[in-house]
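Chains A and B supply the protein sequences, listed in that same order.
Here this note's numbering is used: the first residue of the first sequence is 3, the next is one more, and so on.
Here this note's numbering is used: the first residue of the second sequence is 626, the next is one more, and so on.
Hints were generated in silico from the structure; no laboratory data involved.
Heads up, a few of these hints could be off.
[To be verified] A partial selection of chain A residues facing chain B, derived with a Cβ cut-off under 7 Å: (1) GLY190; (2) ALA284; (3) THR288; (4) ALA425; (5) GLU428.
[To be verified] Negatives, chain B to chain A, calculated, CB over 12 Å: (6) ALA641; (7) MET662; (8) VAL669; (9) CYS690; (10) ASP706; (11) LYS710; (12) SER716; (13) ALA717; (14) GLU724; (15) ILE900; (16) SER905; (17) VAL906; (18) LYS946.
[Stated by the list, open to error] These stretches of chain A come out as covered by chain B in the derived footprint (C-beta under 8 Å, 3 or more residues): (19) 109–116; (20) 209–217; (21) 256–268; (22) 295–305; (23) 462–476.
No residue lacks a Cβ here, since even glycine has one placed at the ideal position from N, Cα and C.
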Amino acid sequence: MNATEIPLKEPSVSAAAGDTEQIERALIDASTRVPVLMFYTSAMVWLVIGTFLAGFVSFKLHSPDLLSGISFLTWGRVRPAHMNVMVYGWASMAGMGTAIWLMARLCRTVLRHPLLLVAGAGFWNLGVLLGVGGILWGDSTGYQWLEFPRYAAIILFVAYMLVASWAVLMFRYRRGEQIYITQWYLLGAFLWFPWLYAAGQLMLFVVPVQGVLQAAVGWWYANNLLFLWFGAIGLGTAYYMIPKVIGRPVYSYHLATIGFWTYALFSSWTGMQRLVDGPFPAWMITASIAATILTLIPVATVGLNHHMTMQGYFPLLRYSPTLRFTVFGAMSYTVFSIVGVLISLRSVARYAQFTQVSIAYSHLGLYAFFTMVIFGSMYYIVPRLVGREWRYASLIKLHFWASTYGIGLMILMLLAGGFLQGANMENPTLAFSESTETVLPYLRGRSLSGLLLTVAHLIFAYHFVLMLLGLGRTSTVPTFLNPVEAEGSEGHL
Amino acid sequence: MKGLVPLFLGIFGTFAFSWVGLTVIPNWQIGHLNPQMEEDGTDVYPQPQSGMVERGARVYAANGCNYCHSQQVRAEYAAADIERKWGDRRSAPRDYIFERSVFLGKMRMGQDLANIGARAPAEQENAPGPPAGGAAPAGSPGQQPAVAPLSSPARSGASPNPPPKSAGSPAPNALPAVAGSPPEAAGSPSPSAASPAPKAPAPQVPNASPGSTSAPAAANATPGGTTSVSSGTSASGELPIYSATWQHRHLYSPRSINIDSNMPSYRFLYQTRQISDAPSVDALHFTGSDAPPEGWEIVPNYDAKCLVAYLMSLNQSHPLKEVRSAAPAAASPPPAPGK
């Protein structure tokens, strides 16, 4: 294959059909510009804020006296602020931005009712702002990922209903009978989230369930948010971006069907494995452990499907930023799930529970998998919204490697430190403080990885601002990571 | 896939399955538990919490204590929790039925707190007695009488039966050993702390010079006690571990008790104010760099008092019929309690 023919942009179709499709796509992209950019820009702001909060949290964990005299900067408030900024500010908003764009593209219709989305983004931002402010002020509820006080939660929910109702409306305008795999995941995410959020809020705060069931509901919420909201958007995005960039259909549609339904069925039953040996009926925990093991089925099918789609096209990872980020994310999904299965087994959980391993696990899911996929999709979508290409290939490469090494180092540090911490904690002949002291050097290593991630995010934010200001390259060719001509890659393709 | 209807039904069906299975059915099973009691209605456990305790739980959540401390003891076959003396039986759903917010926790960067109230010394209960009626009628500025009254009413009704097992634990002298603190710090408090360990209020008597708050601090300032760490350690050597006063000092200055602690200080829950007429009975006593200037005192604000009341109320030591309690705790020497 000639280097210039590398199908990095669009799948080849017949010339005439290609032209009309190109115009259609351009129209659809233009119609999504304002809402999607609004979501993306907000998400970028939250990402930068969340990154600085993360660094602060990480340093304070091994330097506890840092600014500890100020109530709103105490570790126990900044940490939930960081988590919620990342979960609701960055990940949810960026995920919704990508999902909106994908919905419009896949429904093959220009975006209708943009005001719903604009209002949704505005209220969502307001909700996150109030919620994070409330946490720092001292209004946190103390339930993981549901820390937002009630006044913020209501605003967030209203904002979400605006976006979800838009998504359902868009389905009514869609052209063509076929519903693509990505749309299954996106529709699932859009419908699961409100139920999940409402159920969590109602069962914890409005008509609270009794005693330990609150903890069960909390974990059920947190795990399903990870799987059915972020996981679904991430997988749906990967199912679009990988075939799109390499210009080749998904390897197996049937495999994708199996993957989707087993994912919906099994991953929604996970969560209680995090409470292993806690004060609960044993069947709840065992059911979740079994469900976690069964999630290997969707993992295998999705992984196989992506792998077979990519088969023969792996050298394209040298060029396409979107592909590189997305494939990294898709691979991380496999790692994330396998780690999840391992730490849910009772014999391993004994050493993983109550340690930094759980932090490693959530970062694997939210960062190495979801965030990397979303980065990839933003590298694909933003040029189509602003009509410019990314300005510096070097910055994209720097972003990729800083993110990859940063998250890799963080996961390794937290996993290794966490298991050592757990081993010491399970050894009653050692003082308890041994377990926390063991993990401190690893936490310092984690802070180092945080510096790398900060660099990555600042670079990306800078690049993104350049694009917003119209300072990208005017070109018909996307920005490749490496010059296509200079490479002798033909032989591998 | 064609047709929206099967897709919609599938999306709703799978999630409804999970929602019913993991939240609704457990709610039928364990969502409506009643307190346990004897047939004649006595010995009720657990009992509702006081208002101070509930407010304390909110302070606990607001400041993120639950991100580092769990509140659940796992069974002896599953974990070392019981061997660590974090409880003498595993936690059960019934233990939590009156807690408005349940903080089981997912991380132990600090100890498990499920029984932190039960691990407080039993003398705490009687603290108003001996000092008031006995040794120091002039109101020794010692911490015992000052804090006990505020903690006693706050404890749940089940409180008068904390097992005395932790009372005589060699905690005060174990602390410097764990901390690995400088030799002069470890050396000075140990002799004094080791002998009166069973009777916690005793060591304060020699120091109790009535009147000035700074006097005991001065008396405590052993030759090595000029730095904050060592003087803090020596001072804390006289506090019964996990008593309410100990909790206040620990919240205010964790490293004055254990130099290796990585708990942040919560001194924003305390107020340093000028002594107006007489020193407050709540005032904390510090030496070294933590000590307030002459004529000033450090007092807990209401949130701090509620938080400590909440901590002191955490007590799962009452036996439950559905859970087997471990063998008497005195069987084996307790491990070093750590921080």
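We went through each hint and held it up to the structure:
The closest approach between the C-beta of A:GLY190 and any C-beta of chain B is roughly 5 Å, which is under the 7 Å cut-off, so the hint is satisfied. Residue-level restraint check for A:ALA284 is violated (minimum Cβ-Cβ distance to chain B is 10 Å; threshold 7 Å). The beta carbon of A:THR288 comes no nearer than 12 Å to any beta carbon in chain B, farther than 7 Å, and the hint placing it at the interface is violated. At its closest, the beta carbon of A:ALA425 sits 11 Å from a beta carbon of chain B; the interface hint therefore is violated under the 7 Å criterion.
The criterion of a C-beta within 7 Å of any C-beta in chain B is met by A:GLU428, whose closest approach is roughly 5 Å, and the hint holds. Listed as outside the interface, B:ALA641 is inconsistent with that label: its C-beta sits roughly 9 Å from the nearest C-beta of chain A, within the 12 Å cut-off. With a least CB separation of 17 Å from chain A, B:MET662 remains clear of the 12 Å interface cut-off, as annotated. With 12 Å as the threshold on Cβ separation, the claim that B:VAL669 sits away from chain A holds: the shortest Cβ distance comes to roughly 16 Å.
The Cβ of B:CYS690 does not lie farther than 12 Å from every Cβ of chain A; its closest approach is about 6 Å, which violates its non-interface assignment. A Cβ of chain A approaches the Cβ of B:ASP706 within 12 Å, the least distance being about 9 Å, so the stated non-interface status is violated. With a least CB separation of 9 Å from chain A, B:LYS710 falls inside the 12 Å interface cut-off, contrary to its annotation. Chain A draws B:SER716 into its interface by the beta-carbon criterion, the shortest separation being 4 Å against a cut-off of 12 Å.
Listed as outside the interface, B:ALA717 is inconsistent with that label: its C-beta sits roughly 5 Å from the nearest C-beta of chain A, within the 12 Å cut-off. The Cβ of B:GLU724 does not lie farther than 12 Å from every Cβ of chain A; its closest approach is about 6 Å, which violates its non-interface assignment. With 12 Å as the threshold on Cβ separation, the claim that B:ILE900 sits away from chain A holds: the shortest Cβ distance comes to roughly 21 Å. The Cβ of B:SER905 lies farther than 12 Å from every Cβ of chain A, with a closest approach of about 21 Å, so its non-interface assignment holds.
Residue placement check: B:VAL906 keeps its beta carbon more than 12 Å from all beta carbons of chain A (closest about 25 Å). The claim that B:LYS946 lies off the interface holds: its Cβ sits roughly 15 Å from the closest Cβ of chain A, which is beyond the 12 Å cut-off. Look at the region 109–116 of chain A against chain B: 0 of its residues bring a Cβ nearer than 8 Å to a Cβ of that chain, fewer than three, so the hint is violated. Against chain B, the region 209–217 of chain A contributes 8 residues with a C-beta closer than 8 Å to a partner C-beta. That satisfies the three-residue criterion, and the hint holds.
As drawn, the region 256–268 of chain A meets chain B at 4 residues by the rule of a beta-carbon pair under 8 Å; at three or more, the given contact holds. Evaluation of the coverage hint for the region 295–305 of chain A: breached, as 0 residues show C-beta separations to chain B shorter than 8 Å, against a requirement of three. Closer than 8 Å: that is the beta-carbon criterion, and the region 462–476 of chain A has 0 residues meeting it against chain B, so the requirement of 3 is violated.
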